[in-house]
Amino acid sequence: MPDQELAISQRRMSRRKFMTLGIQVTGAGIGLLIGAPIVGSILSPAFYKGRYPWVMVADIQHVPVGVPTAYVVLLDQGGDAWQVPPVPRTVYVVKLNLNGKVQLLTLSNVCTHMQCDVHWDINLNVFLCPCHGGLYSIDGTNIGGPPPQPLFRYQHKLVGTTLYVRNVLTEG
Amino acid sequence: MAAERSRLAGRLSRPFAGVMATTYRWVDERLGVTDLVHQLLYEAVPRRGAWAYSLGSATLILIVNQIVTGMFLLWTYVPSTTEAWESLNFTERHDEFGAIVRGMHLWGAYVLFVVIGLHMVRTFVSGSYKKPRELNWIVGVVLFLLVLGLGITGAMLPWDQAAYWTATVVTHVVEYFPIFGTQLQEILRGGPQMGPATLTRFFAIHIWLLPALLVPLIGLHLILLRRHGEHGSWVNYEGVEEETAEERARRMAHVEYPYPAIPSDPGYAVPVDLDEFFPSQVFKDSVVSFGLVLLIFVMAVVVGAPLERAANPAALNYVPTPEWFFLPLDQMLVQFPQAWMIPVGVFIVPGIGTTLLILVPFLDRTPGREPWRRPEVMIPALFVVLFLLFEALLAVNRLFNL
Numbered sequence: 003m004p005d006q007e008l009a010i011s012q013r014r015m016s017r018r019k020f021m022t023l024g025i026q027v028t029g030a031g032i033g034l035l036i037g038a039p040i041v042g043s044i045l046s047p048a049f050y051k052g053r054y055p056w057v058m059v060a061d062i063q064h065v066p067v068g069v070p071t072a073y074v075v076l077l078d079q080g081g082d083a084w085q086v087p088p089v090p091r092t093v094y095v096v097k098l099n100l101n102g103k104v105q106l107l108t109l110s111n112v113c114t115h116m117q118c119d120v121h122w123d124i125n126l127n128v129f130l131c132p133c134h135g136g137l138y139s140i141d142g143t144n145i146g147g148p149p150p151q152p153l154f155r156y157q158h159k160l161v162g163t164t165l166y167v168r169n170v171l172t173e174g
Numbered sequence: 004m005a006a007e008r009s010r011l012a013g014r015l016s017r018p019f020a021g022v023m024a025t026t027y028r029w030v031d032e033r034l035g036v037t038d039l040v041h042q043l044l045y046e047a048v049p050r051r052g053a054w055a056y057s058l059g060s061a062t063l064i065l066i067v068n069q070i071v072t073g074m075f076l077l078w079t080y081v082p083s084t085t086e087a088w089e090s091l092n093f094t095e096r097h098d099e100f101g102a103i104v105r106g107m108h109l110w111g112a113y114v115l116f117v118v119i120g121l122h123m124v125r126t127f128v129s130g131s132y133k134k135p136r137e138l139n140w141i142v143g144v145v146l147f148l149l150v151l152g153l154g155i156t157g158a159m160l161p162w163d164q165a166a167y168w169t170a171t172v173v174t175h176v177v178e179y180f181p182i183f184g185t186q187l188q189e190i191l192r193g194g195p196q197m198g199p200a201t202l203t204r205f206f207a208i209h210i211w212l213l214p215a216l217l218v219p220l221i222g223l224h225l226i227l228l229r230r231h232g233e234h235g236s237w238v239n240y241e242g243v244e245e246e247t248a249e250e251r252a253r254r255m256a257h258v259e260y261p262y263p264a265i266p267s268d269p270g271y272a273v274p275v276d277l278d279e280f281f282p283s284q285v286f287k288d289s290v291v292s293f294g295l296v297l298l299i300f301v302m303a304v305v306v307g308a309p310l311e312r313a314a315n316p317a318a319l320n321y322v323p324t325p326e327w328f329f330l331p332l333d334q335m336l337v338q339f340p341q342a343w344m345i346p347v348g349v350f351i352v353p354g355i356g357t358t359l360l361i362l363v364p365f366l367d368r369t370p371g372r373e374p375w376r377r378p379e380v381m382i383p384a385l386f387v388v389l390f391l392l393f394e395a396l397l398a399v400n401r402l403f404n405l
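For the protein sequence lines, the chains are A and B, in the order given.
For the first sequence, our numbering begins at 3 and goes up steadily by one.
For the second sequence, our numbering begins at 4 and goes up steadily by one.
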């Protein structure tokens, strides 16, 4: 019977469509199940919140006013990934005389352009970046070259004359 | 065809006798080795200019060198911020052959960049990207970008001063990406700062992610090459634009696999002079590749791969310098200063350059193949190359005070 054959072939087509759809759905499911944890794992660092303990720098009583002085401190990475030894970082301790009042700055020596290592040039009286020629004044203000913003500052606190910093940067 | 195949089987089994021949035939009937060798070796290629066409196979051999030497670097290398430098320092001090392997990986990469550059230049000059080979040019550009990525991620792995500061600058570039910059940087670094997760992920990208993309795309590059046949250059098509329909029909009557290239511009479906891929082209390819591998070996033994002092994030007076193949981009970091210009220098200008490179086959509407008949593309391309060389020269002068 032609009608019956047609009905069967239509049913076959629908069965075929069902399986095609099933393949697509299960295929997408496999991709999703494998992919979702991977994507989550890749993205997770962007949402990480660290804990940063205070680290002693030094007694800074004798640091002269107007001369940036470099200290190397071992900064905790704030639980960034797994436990590794604290990373040495340079902190520039700067004392500025503002109308008789001494202002204390704890500058990071990381250039705000491409994060190379800047140093205080005693001849030019600027912070100089060797990578692309960035220049900063004594208070960390970007005054030349490509850097888009001032040097970052470490959060600091004074206990008497002893300076503590922690691995949290604020904009200068 | 069948007669040809049995003749070939006879030729291939000729060195074998008795049991060997029987064994070969047994394996061949099941694996189809003879057919495979036939397909791989016996194809028509352009006869003239064949030495210039050896650059692609040289690139392939150099990539194989990278894969093989890379595998054996993993015998000692430890992808950890506390041990990476130590493990390589051990190799350099106590494992002379390991140091040579490391040297061959580094110098192999350097030579690879030069040869890929020459391969691209020769493909560009001969207009080989024209119909029907547009997609193979694009696959080639993607391969070039992957190799650049491999070069820059590889430079981060020793975790010496050079590697650390390279990784710092490269991962910081993405922070200038609009809106998601900070998140992108944290994803790339595996945290807010350079740390142990930074090294492990660039290690994974270098030895798995990028090679896993590279290898199949090389396969596609070769499949497309075989699909259309090697184009060669204008010397293989002299007079084709003036020939009569009869002459063209006569030439097409003697077409050999894998030609004719379809769809082609009139006259360019088959080179006028053909040669055998094996042994004519393979011989030239082998000579060129041998010379390059010898050069790499000599440089690995004589110069080796440098290892600076271990990474020191507290560095005060270290001057980071980029790998030489990134000098033009580094120079643009100086030329695009201050807040809103930086993204232009790191994303928009290189992005436009890459897009133009990918679109070359569609931008070049010239009918001919000779470079002097295509000034519309040759002159801008010459300016781009001169610009990149000039930028590199400025960067060298800035960093090393020539």
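Rather than coming from a laboratory, the hints here were simulated on the basis of the structure.
Quick caveat, the model's predicted, so the values are computed rather than measured.
Virtual Cβ for every residue (Gly too), placed ideally from N, Cα, C.
Treat the hints with care, as some may be off.
[To be verified] If you anchor each label on the Cβ, the simulated ranges turn out as follows:
| # | chain 1 | residue 1 | chain 2 | residue 2 | range |
| --- | --- | --- | --- | --- | --- |
| 1 | A | ARG18 | B | GLY35 | 30 to 38 Å |
| 2 | B | TRP327 | A | ALA38 | 39 to 47 Å |
| 3 | A | ALA60 | B | ALA207 | 46 to 54 Å |
| 4 | A | ARG53 | B | PHE93 | 42 to 50 Å |
| 5 | B | VAL306 | A | GLY162 | 53 to 61 Å |
| 6 | A | LEU23 | B | VAL290 | 38 to 46 Å |
| 7 | A | GLN26 | B | GLN42 | 32 to 40 Å |
| 8 | B | GLN42 | A | GLY29 | 48 to 56 Å |
[As the list claims (entries may be wrong)] One side of the interface only, derived from the structure: several residues of chain B facing chain A at Cβ under 8 Å:
| # | residue |
| --- | --- |
| 9 | GLY198 |
| 10 | LEU310 |
| 11 | GLU311 |
| 12 | ASN404 |
[To be verified] If you want the ones that stay clear, here's a sample from chain B, every Cβ over 10 Å from chain A, calculated:
| # | residue |
| --- | --- |
| 13 | ALA53 |
| 14 | VAL172 |
| 15 | HIS257 |
| 16 | ASP333 |
| 17 | PRO374 |
| 18 | ARG376 |
Against the structure, test the hints numbered earlier, and report the numbers of the ones violated in rising order. 3, 4, 6, 8, 10, 11, 12, 14 and 16
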